[in-house]
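Peer 1: Let the hints inform the model, and build the full structure from the sequences given.
Here are the chains, one letter per residue:
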Amino acid sequence: MKDSLGAAQSLLVLGGSSDIAMATARKMAALRTKRIYLAGRTSRQLEDNAAELRQLGATVEVVPFDAAATDDHEKVLSQVFGAGDVDVVLMAFGVLGDQAEDEKDPVRAAAVAHVNYTGAVSSGIVVAQALKKQGHGALVVLSSVAAERARKANFIYGSSKAGLDAFAQGLGDSLVGTGVHVMVVRPGFVDTKMTKGMEKAPLSTTPEAVADAILAGLRRGSHTVWAPGAFRYVMSGLRHVPRPIFRKLPM
Amino acid sequence: MAVPQQSSTGAGLHPERLYGWGMTSPSVAEVADPTALDQLSELVTGAGPRGVIARGLGRSYGDPAQNGGGRVVRTTSLNKILNIDIERGVVTAQAGVSLHQLMSTMLPLGWFVPVTPGTRYVTVGGAIGADIHGKNHHSAGSFTQHVLSMDLLGADGQIRALTPDGTPELFWATAGGMGLTGIVTQATIAFKKVETARIKADIWRAPDLDGVMAELAATDDKYPYTVAWIDCLSTGKNLGRSVLTCGDFAKLDELPAKVRREPRKFAPLSLGTVPPVPVNGLLNKMTGRVFNEMWFRKAPLRKEGVIQGVGAFFHPLDGIMEWNRVYGPAGFLQWQFVVPFGAEDTLRQIVERISAHGAPAALTVLKRFGAGNSGYLSFPTRGWTLALDFPTNTPGLATLLDGLDEKVLEAGGRLYLAKDSRMRPELLAEMYPRLEAFRKLRAEIDPHQVFMSDQARRLHL
Numbered sequence: 184m185k186d187s188l189g190a191a192q193s194l195l196v197l198g199g200s201s202d203i204a205m206a207t208a209r210k211m212a213a214l215r216t217k218r219i220y221l222a223g224r225t226s227r228q229l230e231d232n233a234a235e236l237r238q239l240g241a242t243v244e245v246v247p248f249d250a251a252a253t254d255d256h257e258k259v260l261s262q263v264f265g266a267g268d269v270d271v272v273l274m275a276f277g278v279l280g281d282q283a284e285d286e287k288d289p290v291r292a293a294a295v296a297h298v299n300y301t302g303a304v305s306s307g308i309v310v311a312q313a314l315k316k317q318g319h320g321a322l323v324v325l326s327s328v329a330a331e332r333a334r335k336a337n338f339i340y341g342s343s344k345a346g347l348d349a350f351a352q353g354l355g356d357s358l359v360g361t362g363v364h365v366m367v368v369r370p371g372f373v374d375t376k377m378t379k380g381m382e383k384a385p386l387s388t389t390p391e392a393v394a395d396a397i398l399a400g401l402r403r404g405s406h407t408v409w410a411p412g413a414f415r416y417v418m419s420g421l422r423h424v425p426r427p428i429f430r431k432l433p434m
Numbered sequence: 338m339a340v341p342q343q344s345s346t347g348a349g350l351h352p353e354r355l356y357g358w359g360m361t362s363p364s365v366a367e368v369a370d371p372t373a374l375d376q377l378s379e380l381v382t383g384a385g386p387r388g389v390i391a392r393g394l395g396r397s398y399g400d401p402a403q404n405g406g407g408r409v410v411r412t413t414s415l416n417k418i419l420n421i422d423i424e425r426g427v428v429t430a431q432a433g434v435s436l437h438q439l440m441s442t443m444l445p446l447g448w449f450v451p452v453t454p455g456t457r458y459v460t461v462g463g464a465i466g467a468d469i470h471g472k473n474h475h476s477a478g479s480f481t482q483h484v485l486s487m488d489l490l491g492a493d494g495q496i497r498a499l500t501p502d503g504t505p506e507l508f509w510a511t512a513g514g515m516g517l518t519g520i521v522t523q524a525t526i527a528f529k530k531v532e533t534a535r536i537k538a539d540i541w542r543a544p545d546l547d548g549v550m551a552e553l554a555a556t557d558d559k560y561p562y563t564v565a566w567i568d569c570l571s572t573g574k575n576l577g578r579s580v581l582t583c584g585d586f587a588k589l590d591e592l593p594a595k596v597r598r599e600p601r602k603f604a605p606l607s608l609g610t611v612p613p614v615p616v617n618g619l620l621n622k623m624t625g626r627v628f629n630e631m632w633f634r635k636a637p638l639r640k641e642g643v644i645q646g647v648g649a650f651f652h653p654l655d656g657i658m659e660w661n662r663v664y665g666p667a668g669f670l671q672w673q674f675v676v677p678f679g680a681e682d683t684l685r686q687i688v689e690r691i692s693a694h695g696a697p698a699a700l701t702v703l704k705r706f707g708a709g710n711s712g713y714l715s716f717p718t719r720g721w722t723l724a725l726d727f728p729t730n731t732p733g734l735a736t737l738l739d740g741l742d743e744k745v746l747e748a749g750g751r752l753y754l755a756k757d758s759r760m761r762p763e764l765l766a767e768m769y770p771r772l773e774a775f776r777k778l779r780a781e782i783d784p785h786q787v788f789m790s791d792q793a794r795r796l797h798l
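Protein chains in written order, with the working numbering: chain P, 184 to 434; chain X, 338 to 798.
In case anyone wonders, no lab produced these hints; they're calculated from the structure.
Hints are supplied without guarantee of correctness; some may be wrong.
[Stated by the list, open to error] Heads up, incomplete: computed chain P residues facing chain X, CB under 10 Å, no partners named:
# : residue
1 : Lys185
2 : Leu188
3 : Lys316
4 : Arg332
5 : Ala333
6 : Arg334
Glycine is no exception: its CB is placed at the ideal position from the N, C-alpha and C atoms.
Peer 2: In structure tokens, the structure reads:
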């Protein structure tokens, strides 16, 4: 159960090798979160993350999970929920793709959309049903500022996040009154292994800072969290920039 | 038919978002308001995999009377006083009868509830489930010590009569058992004889923490009801300055002539309701200090024989309905502990830390407990108890309280489950040595955990 100060006792991460998820899990484990499931594709990183969280005193279980394998989502995730209540689910999987390459290769482009959007829809539905049965719990969805308006430089990724973002907002509204809280998190450029080697964008942030924003949002019961917070105002301006001007902006 | 038709199985089951008095960590459950025992029984036997818990007036601060995804049975429609023995002062009441109702009925007859907490809006069922205490704990013990017998609805839908002598195990597991042994349907309670419905109180100030501890220790034998309000926001030499309020029910000849005409009239004042507008941050360090200053200043240096009503003496906050709203939507929590006598240093260090942190704890209450009882999870044990309210958005509160929990545990103390909303589950077994026995008994009488609450899930009760 989440306690009166917003601390959760159990956490399920979908995309357990994500740097943002790991930064969040670390901070949660230091407080009350002692039962953690790291779901993701089997990798060295996933095992290392589990080991690190165990060092912090948490009981960690690694759950084989592939966002793209939507047929398995129900089976895999219902096992997790069958073992006890999950207070917070952090949906953190996603691929950035390579825009220049993906524009030439429809299969690769579709794969980005499949993981980021279709995988999220499928697993999101399963999670929502399970949380509803508990009568409490939070689903945190890692979206992106890129979801707010697609740019020519990464519109494949951006459009997949836009779909995810819209899905999560609608899901959250549909769950009002069930005790389930859906929170959409829109980070800007985060310094992670996913963005390694890329040029840092303005207002760039760190996984730790995004984790802090997530925890504050959970405490407050926010619906939308921007990281850093200034993006809320930046994007509300950018959203209204006319297309002919927007496409000429240097970004 | 005057009785509204309800489906025989559902008793109006409907989803509802529930939280405790602190308005934190809500969950949604199927809620029913049964009006008859057979409905109640069906609601228990028909509960799904997430079980069922009873709920009274929702005055527990945290999550004991909620059950996310499961059933919650509100007992407040089972609110009949079934029998009154006016000679002996023995009352049999259904679980949903409130202490307010009991006072309204019994005070004019010259009897008072044996124990009342700081609010009279608690039910008999809740009073047993939390084994509540009041200002007279040092002289009268806790509520369940005055319960002569009770009926408990078990997981099998059957009702068993429990008495402290006949069925001590289940009786004392139910006292303070937070509703996890079953649902109390009715209880027979021994009342306290009073000549009037007024209190004769002595009110005076103590300059600091050592002063108030000495004064309280010296008054144990003198007054059946004692309490001190202490200022946890003042610092330096004022740290722990207090207002003591001690007294007993007035004798008839102690009342002023005007009151004597209706000596047992029970007419507590309601000063209004806190509006449901956002007043977030109304209570902060600044306003908390001002409030504490005013509370301290308005108290007399020393005044003896003050005649007060039951409401003013026992339940000052009940005059303002829904006062919990002053903390705004973020909600608040109450933290109450007891440490044994001899652990005065721990008490002092805790007050110092809270003061240094500047957490806006208004209305901090200090009191001495007498001996504990046989309740497996009953809270009171001989020692000092301190209760504080904190807005949950107080910066650094989680870490502060975790540290203070450790201090309480080191001193051999414990936290109160009716107030708790955040403690580490690991600490519970150390604080309550009979927790294992409680779990074992519960596993025997309710192997499928039909009785279940959010608090039980959180603390692995």
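Peer 1: Arginine 334/P was flagged as interface toward chain X. Is the shortest Cβ-Cβ separation under 10 Å?
Peer 2: Since chain X brings no Cβ nearer than about 37 Å to arginine 334/P, farther than 10 Å, the hint is violated.
Peer 1: Does the CB of leucine 188/P sit less than 10 Å away from some CB of chain X?
Peer 2: holds, 5 Å
Peer 1: For the hint on arginine 332/P, does the least C-beta distance to chain X fall short of 10 Å?
Peer 2: Violated. Min distance 32 Å.
Peer 1: Let me know if the C-beta of lysine 316/P comes in closer than 10 Å to any C-beta of chain X, holds or violated.
Peer 2: Nearest chain X Cβ about 5 Å off; hint holds.
Peer 1: Answer holds if the nearest beta-carbon of chain X is closer than 10 Å to that of lysine 185/P; otherwise answer violated.
Peer 2: With Cβ-Cβ at 5 Å, under 10 Å, it holds.
Peer 1: Given alanine 333/P as an interface hint, is its Cβ closer than 10 Å to any Cβ of chain X?
Peer 2: violated, 36 Å
In this structure, the earlier hints numbered 4, 5 and 6 are contradicted, and the remaining ones agree with it.
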